[in-house]
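Turn these sequences into a full structure, and let the hints guide you.
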Amino acid sequence: MVVTSIRGPSNSLPFIGDALLFLGLTPEGIYKFGSGLFKQYGKVFHFWLGHTSALVVADPKYYKHILFNSNVISKPKQYELLSYITGDGLIANKSSTKWYGRHKIITPAFHYKLLNQYIEIFDKNSIELTQQLETYADGRTVLDAYFWTARSTLAIILETVLDTKYNPDNIDHATYVHNILEVMHLFGERAVRPWLHDEFFYKLLDSKNYRKSQRLLKSVNGFYDKILQRKRQAYELERTTSLENVSENGTHDNDVLGFERQRKPFIDILLRSQINGKPLTDQDIRDEIYTIIIAGNDTTANALAYTMYAVSCYPEIQQRIYQEISQVLGNFHQRSLTMNDLNAMKYLESTIKEAMRMYTIVPIFARYLFEDIKIDDKVIPAGTTVAFLSLFSNSDPEIFSRPDEFLPERFLNDSLNTLDPFAFIPFAGGPRKCIGGRFALLQMKCTMIRLLLHYEFIRLGSEPRPAYSVGMHSKNGINIAIYFINEKWANKRMGHDTISAIGFQYNRILCPAIDFILDAIFTLSVTMVLLQSTIDGKPLSNEDIREEVDTFMFEGHDTTTSGLAHTLYLLARHPNAQQKAYEEVQQVLNKSKTEPITMKDLQNLKYLECVIKEALRLHPSVPLIARVSEGEFKIGDFTLPRNTHVILSLYAVGRDPKYFSNPDDFLPERFLSENTTKMHPFAFVPFSAGPRNCVGQKFAMLEMKMIIGKVLRDYEILPLGPDIMPIMSLILRSTTGMGEKLVTDEYSS
Numbered sequence: 001m002v003v004t005s006i007r008g009p010s011n012s013l014p015f016i017g018d019a020l021l022f023l024g025l026t027p028e029g030i031y032k033f034g035s036g037l038f039k040q041y042g043k044v045f046h047f048w049l050g051h052t053s054a055l056v057v058a059d060p061k062y063y064k065h066i067l068f069n070s071n072v073i074s075k076p077k078q079y080e081l082l083s084y085i086t087g088d089g090l091i092a093n094k095s096s097t098k099w100y101g102r103h104k105i106i107t108p109a110f111h112y113k114l115l116n117q118y119i120e121i122f123d124k125n126s127i128e129l130t131q132q133l134e135t136y137a138d139g140r141t142v143l144d145a146y147f148w149t150a151r152s153t154l155a156i157i158l159e160t161v162l163d164t165k166y167n168p169d170n171i172d173h174a175t176y177v178h179n180i181l182e183v184m185h186l187f188g189e190r191a192v193r194p195w196l197h198d199e200f201f202y203k204l205l206d207s208k209n210y211r212k213s214q215r216l217l218k219s220v221n222g223f224y225d226k227i228l229q230r231k232r233q234a235y236e237l238e239r240t241t242s243l244e245n246v247s248e249n250g251t252h253d254n255d256v257l258g259f260e261r262q263r264k265p266f267i268d269i270l271l272r273s274q275i276n277g278k279p280l281t282d283q284d285i286r287d288e289i290y291t292i293i294i295a296g297n298d299t300t301a302n303a304l305a306y307t308m309y310a311v312s313c314y315p316e317i318q319q320r321i322y323q324e325i326s327q328v329l330g331n332f333h334q335r336s337l338t339m340n341d342l343n344a345m346k347y348l349e350s351t352i353k354e355a356m357r358m359y360t361i362v363p364i365f366a367r368y369l370f371e372d373i374k375i376d377d378k379v380i381p382a383g384t385t386v387a388f389l390s391l392f393s394n395s396d397p398e399i400f401s402r403p404d405e406f407l408p409e410r411f412l413n414d415s416l417n418t419l420d421p422f423a424f425i426p427f428a429g430g431p432r433k434c435i436g437g438r439f440a441l442l443q444m445k446c447t448m449i450r451l452l453l454h455y456e457f458i459r460l461g462s463e464p465r466p467a468y469s470v471g472m473h474s475k476n477g478i479n480i481a482i483y484f485i486n487e488k489w490a491n492k493r494m495g496h497d498t499i500s501a502i503g504f505q506y507n508r509i510l511c512p513a514i515d516f517i518l519d520a521i522f523t524l525s526v527t528m529v530l531l532q533s534t535i536d537g538k539p540l541s542n543e544d545i546r547e548e549v550d551t552f553m554f555e556g557h558d559t560t561t562s563g564l565a566h567t568l569y570l571l572a573r574h575p576n577a578q579q580k581a582y583e584e585v586q587q588v589l590n591k592s593k594t595e596p597i598t599m600k601d602l603q604n605l606k607y608l609e610c611v612i613k614e615a616l617r618l619h620p621s622v623p624l625i626a627r628v629s630e631g632e633f634k635i636g637d638f639t640l641p642r643n644t645h646v647i648l649s650l651y652a653v654g655r656d657p658k659y660f661s662n663p664d665d666f667l668p669e670r671f672l673s674e675n676t677t678k679m680h681p682f683a684f685v686p687f688s689a690g691p692r693n694c695v696g697q698k699f700a701m702l703e704m705k706m707i708i709g710k711v712l713r714d715y716e717i718l719p720l721g722p723d724i725m726p727i728m729s730l731i732l733r734s735t736t737g738m739g740e741k742l743v744t745d746e747y748s749s
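If you count by UniProt numbering, then the sequence shown holds residues 1 to 749, one letter each, in order.
Quick caveat, the hints were computed from the structure, so don't treat them as lab data.
Accuracy of the hints is not assured; some may be wrong.
Dumping the calculated DSSO-like pairs for lysine-lysine here, alpha-carbon to alpha-carbon at most 27 Å [claimed, not checked]:
# : residue 1 : residue 2
1 : K591      : K710
2 : K634      : K678
3 : K278      : K264
4 : K208      : K231
5 : K203      : K475
6 : K124      : K113
7 : K475      : K61
Model, not experiment: these values are computed from the prediction.
Below, the structure is given as structure tokens:
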């Protein structure tokens, strides 16, 4: 019986099925390839891979009915490829009897209450990673985050699994780390080439990599076997001693037998375990060790690296995580982390989960059906291999609103109530889910906490180019830079590349704006115009002129300064907008810094003008304006009588979803010319409107474009300090200042 009621490719060939679809497929091309199939056939489709009937799904409804079916615990023969490395370990094992036995042994080691014993190791290794990165914490050195997280994660696994403290100066340890990473790389390349899955064809068609993988596996096995032999000898000696104590005392002591409550590495648990009264063989133990290393290292290291990258792209998220860490740890940053600390880091956990959604770490997993399963009106027959592509369900707008945006808030408790419980399963689901998911999450939280207490993550280098295999890697690395934020160190660096390492209030940076206005008043033609003007044939008095100068100073200084400060604040916290504005500035102001900037230059800064307008929409310099009606007039169904005081809230209108979609989001693109045609002509009036509007609005816009353009040409703006706390008076201000940090263009290049 085959699947007949579900669409799929119709040009299957004898013996090979639809395998030709995969011909020439590269790890980088998988997403585009899969997107095309889902677009053509929908979220569920069927195809043939040789004689294998395969159902591909990206629908949580199918996840629920198949993954969480207690009778579906078998994995398809494609997992035999993984057994090339892991043997009959927990992941690749196809025998339900053997799987149940191994699962029963291993699961207790990852019980939530027992995970507390590993936190000390997580914390210690995270601190060591922090120390290793100090040399590169200058903010300008591009780091491949995965390079570092992979080694840190392997060090943790070595200690928790093999009871071996990683020493990078030990040649055996360094060789092991290099070889296991190479093994996983070769496995990933082979996994996306179905014609290489059979070992015979792997030897025939890719003999070079086959021989290389054999050599690497032999070396890795030798490393394991040395440790296993040493541990088994120690266990046998301990066991003999404990039996002698039993014969002498008539009872045994659990502490002597080694079941005491102190931390036990994974290998000790395996050595002490039995299935049907028989101890595990060395091969059994090696299979499970391989399994946890393959499953635990690559996925955790990738998830950590992508989380670091995402945080570097969104400084406002990074700042919020740092605030959460400071709130939980208080002034005791140097103390050891505890389970309670990690559990309290809700926003950090949401950020990690969002990174695992957006950069799906395990893009595909599969199950094999030994019995028919009915879902709605469709029957999935026994003998079908079901492939779950979480890569595509994680980016489905019907499941996750605005899926292309990085929004950790979607995983906070209130938001989870509206999320399908089967929509997000980064560690798979059901009986054969990853039992180390909680272990991995605690480890990642430890590492992120220690890194963020010492470093600021900065986006630098090329963007990741996803290359999908067993996990999601990047063809060109997962690149970031880090900047050391230790206060003592920062003070030593003051005056070099960084203008300020501790932030500043907006009026300090905007002194040039004040000078600009004063020059305009006292050295340009404004005062001359006033001196030469007459009203009803009479010249203006000194008092008249003073009043107009005071007006110009108030309207031109405080309001423009507020607009400038809020624009810089928002650019610091929205690096994508800053990058686009920077690129425009570089293109338009591509001249010597000694050359004057012209009116034409400023007019060509279209995107920068959109940035300023969007800042003024969110934070209008003058949040309220007022008028008094001198006569009765009607608006809709309302009649305003004479002498009515009308207060117009620019702040409220600017955040009204009726006039601005996603009003709380910073989206400069909404002010591009092609988008403003849909905008109400009076929804955005930052300089007021009508006869009493601000006559200096063009002056102010040119001034702001000039100053911000020059700042962006020379500096990168980074967030620093607390979020703004708006306070409304005549001018919109912030009680907490508007902290940011400037870094020279040499610093960020």
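Provide an ascending list of the numbers of those earlier hints which the structure does not satisfy.
Structure breaks hints 4 and 7.
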